[in-house]
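J.: Sequence:
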Amino acid sequence: MSIRGHARLAHGLLLFLAGALGAAAVVLPSIAQSETAPAVEAKGGSGPYGEQHFEWSPMAVSANAGGVVTIKNPSTVVAHGVYWSEVPQTPTCSGVPGASSGSSFGTNWSGTCTFPRPGVYHFFCTVHGPSMSGTVTVNAAGETTTTTSPSPPRGSEVAPSQQGPVSYGHGSGAGASPLAGSASGAVRLASSQHGRSVRGSLDISPAGAGGRLEVDLLARSAVLASAGHSAQVRVGRLVRLHVRAGRVSFAVALTARAREALRRHGRLPLTARLLISAPTGASVTIARKLLMRA
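Here the sequence shown stands for residues 0 to 293, numbered as in numbering that gives the first Met the number 0.
Derived pair list, reagent style EDC-like, types lysine to aspartate or glutamate, alpha-carbon separation capped at 20 angstroms:
1. Lys71 / Glu40
2. Lys42 / Glu54
3. Lys42 / Glu213
4. Lys71 / Glu54
5. Lys288 / Glu213
Please keep in mind that the hints were generated in silico from the structure rather than gathered at the bench. Since this is a predicted model, take the numbers as computed values, not measurements.
Using the sequences and the hints given, assemble the complete structure.
T.: And the structure:
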């Protein structure tokens, strides 16, 4: 091969190597940037009695300091929002209702939050309260964390009682009760009622506005099925979202099984259990006994 041929070959090899190195310079950063941020998604499902359960999935994720976590609610029907209850430093969020500017809740949204410093960040839904909670563990540089899904905190339930005891949840802002005044005055529920629905009302405080009301009706299975045990089963349920401040009335229909027991016996002892959750995380649980008459 002539000297000129060798020169052309060497030039071609240099061009090939330069092109390969340039492609690598483009591909390698793109691979590094393709690592997706941790994502948390609002999900819901139905329980055995038709009630709805909502949760963040997964309930616990981890990221590095300065990292980003995607939070989204794909539902076009059920509204959710994010409230950061216990944090080392408030994260910077965009497009996340409740955690960024705008409405405290919404449907069909997706946003991101950036975490400035290491620590554990606790949050819950602005609509469903501490029963729908999660955590983001932010690691310092070079650290790793294995996350496990925590059990969602709930307002403590109380045993049924004629006097109607009250239990307060321990979420952030638990001092601001969602009830206006004492439970004895804020909840109106007649101890003897007629018909196929339990009716009552309660006074919601400004702190409870936008929160959630759950009313469960419980009856002894022995009354329903003539069984020899006293376990309680649910015979009615009402869930109301975004309750307003002021007096809120409710009516909870009895299930077909409960109506049949009422027709058969002419009376049906019940326990009404009310759970009121404020957007701040405060919650109150009240239990009252009553007697339904045919």
